[in-house]
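Asker: The primary structure of each chain is shown beneath.
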Amino acid sequence: MTARFPPRAPDPRKAGIGLRTAHFEALARSRPALSFLEVHSENYFADGGPSLAWLERFRADHAVSLHGVGLSLGSADPIDREHLARLARLAGRIEPALVSEHLCWSSIGGEHLSELLPLPYSEEVLAHVCDRVASVQERLGRKILVENVCAYVRYASSTIPEGEFVAEVARRTGCGVLLDVNNAWINSVNHGTDAMRFIDALDPSTVGEIHLAGGEVTADGLVDTHGAPVFPEVWALFEKAIARLGAVPTLVEWDVDIPELAVLLAEAAKADAILASSIERASRKAAA
Amino acid sequence: MTVTEGLARLQAQFAAAVLGEDGAGFARHLAGDAGAGLRRLAIYRNAILANRRRALRAAFPVVARLVGDGFFDEAALRYGEACPPGGADLNRYGATFAAFLAAYPHAAAMPWLADVARLEWAWHESLAAADAPGMDFAALSRVPEGEQPGLRLLLHPSVRLVRSAWPVLSIWEANQPDRDGTPDREDGADDVLVWREAQRVLLARLAPPEAAFVDAVARGLALEEAAGITDAWDFTPMLQRLALHGMLCGFSTGDRVPA
Chain V
1 MTARFPPRAP DPRKAGIGLR TAHFEALARS RPALSFLEVH SENYFADGGP SLAWLERFRA
61 DHAVSLHGVG LSLGSADPID REHLARLARL AGRIEPALVS EHLCWSSIGG EHLSELLPLP
121 YSEEVLAHVC DRVASVQERL GRKILVENVC AYVRYASSTI PEGEFVAEVA RRTGCGVLLD
181 VNNAWINSVN HGTDAMRFID ALDPSTVGEI HLAGGEVTAD GLVDTHGAPV FPEVWALFEK
241 AIARLGAVPT LVEWDVDIPE LAVLLAEAAK ADAILASSIE RASRKAAA
Chain G
1 MTVTEGLARL QAQFAAAVLG EDGAGFARHL AGDAGAGLRR LAIYRNAILA NRRRALRAAF
61 PVVARLVGDG FFDEAALRYG EACPPGGADL NRYGATFAAF LAAYPHAAAM PWLADVARLE
121 WAWHESLAAA DAPGMDFAAL SRVPEGEQPG LRLLLHPSVR LVRSAWPVLS IWEANQPDRD
181 GTPDREDGAD DVLVWREAQR VLLARLAPPE AAFVDAVARG LALEEAAGIT DAWDFTPMLQ
241 RLALHGMLCG FSTGDRVPA
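Chains V and G supply the protein sequences, listed in that same order. Just so we're aligned, residue 1 is where the first sequence starts under our numbering, counting upward by one. Just so we're aligned, residue 1 is where the second sequence starts under our numbering, counting upward by one.
Be careful, since some hints might not be right.
[As the list claims (entries may be wrong)] Interface residues of chain G toward chain V, partial, derived using beta-carbon atoms under 7 Å:
hint, residue
1, Ala8
2, Ala12
3, His29
4, Ala34
5, Gly37
6, Arg40
7, Ile43
8, Leu49
9, Asn51
10, Asp89
11, Ala129
12, Ala130
13, Asp131
14, Pro133
15, Leu155
[To be verified] Listing some non-contacts, in silico: residues in chain G with all C-beta distances to chain V over 12 Å:
hint, residue
16, Val3
17, Met135
18, Ala138
19, Ser141
20, Val143
21, Glu147
22, Asp180
23, Arg205
24, Pro209
25, Glu224
26, Thr236
Bear in mind the hints are in silico, worked out from the structure with no lab data behind them. Backbone N, C-alpha and C fix where the C-beta goes; we use that ideal spot for every residue, glycine too.
Use the sequences and the hints to build the structure in full.
Answerer: This is the structure in structure tokens:
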């Protein structure tokens, strides 16, 4: 297939932002320099019309990341081939730099729960998930990234620490990892575990993207809302993460109560500053 | 038991615990403090229901405004129980919401509500319908006169016709953000043509023969047959209107279905 767009890759030294309908006009007018734009793949599954036309327009200027929330990689249901076909069609049309999905399940018995639900981390589930990741990569003809999710509950049947589980999926299937630092932080607080131990379990060469997001403090623990500024502790964990992983294309997610574009750009600029100082420290260290 | 059988059972029990009335039975599957775990299952319940609600509100803003938040959220909840999403793309969720409202006892006093929902779903589908190249009018003009009665026209994928015994277009227009909700007509039927032009969805009220003609074209009838349905009425202006607004995208002659 001939390419329709110039190849563009995210700049690991700079953050991207989520592309949201409310910002189409402002973004098209101001054309800020951004490492990449990320969209929820499903929001562009239309057969035609304005959503795709806008995305193609932005794709001409930016690297695009397709971030799926619905493939239900860990479900016991068969993979929804129609959903996967739509994703493949979108990827063919947009030529994204990155394609990602979540290490979770969201449908069972044909009913879709429209939420990223946690998996038990066992050898059996690991094998199941790896088969599915491999089959998705084969259908799409490319590598995908898989993202660690927020798990408000943990299962009695889990036998593998989450970091080792994620790392093993990447090792066995050749997929990459989308490290969600906010999810790692929330899980560590809610379950009294060590977020850095989770990050340390990952092979740095497999981490292809980082997500940051804001959440909410509730009586039952932290909740990942994607509707608030990033927690200070998450910025601190992000710094530690990139000190270990090196600079990685980073995205600040904001999906509900979406603020003005300027607020998103300011959060992205904060991530840029941390990425820049990390790169500087690394180069000083290399020179010394 | 295979891995997927075990996993399927766990996931089905999780779904029942989160969406059903009583989650306590799921406690034995959870690690750590069972009380905290069960309370956190409610986070999932709230998120799942909020996502469904948000999807329906986005597709049916006029229905939501007509019935108010409390009514809409309850209807969304009951609809989700009766017809949960069958796919992950929530932009496609709600295709049967109008039918649900038609049978919803609490909406019985608003007999027009289901038709307003049908119109909103037509709008929603039109926005996301496939793009299509415009009609090749040069080729159309070369069709010999003798074959013209047998012409079958292909409507653009974004075209929908919503026919209602209620003034649904007046209700729809009155409940756009810049209006106060008072319709300019309170009775009478509305036949509404829905289409996408320059990336916007447009709506127009059709006269009864116009609607009958568009309906006949949409069903793939030849012009001659379509004209027969509308009796002695001259369909030429309607045909020109469809052409002018990009609602025609192909034709065939003879018995072939247009492509």
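Asker: Taking each numbered hint in turn, which are not upheld by the structure, reported in ascending numerical order?
Answerer: 4, 8, 14, 15, 16
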